[in-house]
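Visitor: Model the full structure from these sequences, guided by the hints.
Each number in the working numbering comes from the position in the sequence shown (counting from 1) with 30 added on.
Check before you lean on any hint, since a few could be wrong.
Claimed, not checked - In silico DSSO-like cross-links for lysine-lysine, where the CA-CA straight-line distance does not exceed 30 Å:
hint, residue 1, residue 2
1, K349, K274
2, K206, K274
3, K96, K38
Quick caveat, the hints were computed from the structure, so don't treat them as lab data.
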Amino acid sequence: MVERHPIKYLAPAWFAVVMGTGGLGNILYLWQPHFSLGEILGIAFAAIGALIYCIVLGPWILRWTKYFPYACRDLNHPLTGNFFVTMPVGTTIIGTNIYLIWSNYLSESLTYALMFVLWIIAIIGVTFFTFYTTFRFMRVEETPQPEMVNFSWIMAPIANMALSLLGNPLLGLTIKVQPAWSISVLLVNTALFGIGFFLFIFISAIVFVRLANHPLPPSATIPSFGIFLSAAGLAVSGIVDTAKNAYHLELLPSTALADLMGVATWGFGFWIVGIIAIISIFKIRTEGIPFTMGWWAYIFPLAAYTIASQKIADIYMSKLALGYTAFLTVILILLWIYTFVNTVRGVISGQLFTGTPIPEKSAHASNLKG
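Guide: See below:
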């Protein structure tokens, strides 16, 4: 039996809406020198992202307290469980909005305090869900079915890499506000990036083996291919921004080599964009891709890669990179509009809040275990 309930069946991926919307806000805000509406649109998207974060946070917490068995069921699902980490990553994106946009209306000390608190919350959340989800798929006694293996498995590694989006701007402010903490923040940032980067290599290898030995995943999970792109975008930002901070701390004589490494990773992202487009178009033409909350897996990864492309264009003052970034931005806006409109429709119709109830005996057993 299928029923509707906005709390019981709240999808863990809801914070991906915050990630994609806030990320797009940052991108548009950075287009100010070339696009007169960039500032207004950037502020608008950042505000929408913050509003959605506040709206979703309450039900997300309530689900853990009042409907714990349903949260546990999702957390232990081989696909759904991977998206719980979107909550701390969404928190990270709110922090980046504060740094880039809202800091213009806040004092430096308040900006730093808010960023620091959100960074700590994000680290705690990402660390917990990383250990839990990686242990979960290591402890399973049966080999997962091919349809249960896709790029959602790399969400935890991606989350660790995403922390640098906030961690590096925070480090830049720390150098000014609390210079004695600078090296500690640098070490934490770099360690977390390393955890994400190496876990990404290991886990994505499993996913590629699955793709090489089995047909493409079911159509409903095709948007998860987008998550693969976020690795390239986050790696570029992590490498470039960490090197810049290390240079300011006089730990590196130059950022030139790191910038070139960023370009190489950015180039890999071009292939990822192309292969995702080919697979998605193929599936749309042959089977169609039904709309689910999974469509937001297209948005944030493309936003992360677009931000990385903006950094490359800014470093090298390249018209080619700038034109490519503009193309990515247009595609991102169109995808966001389509996904957001369908999300609103799903909320109004209640289709995004449907699920199967847990039998009372099973729910009682889950509460005892919890």
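Visitor: Now tell me if each hint is right for this structure.
Guide: Each hint tested on the structure:
1. K349 to K274: The given pair, whose Cα atoms are some 22 Å apart, holds under the 30 Å limit.
2. K206 to K274: Holds: K206 and K274 sit about 14 Å apart, inside 30 Å.
3. K96 to K38: holds, 9 Å
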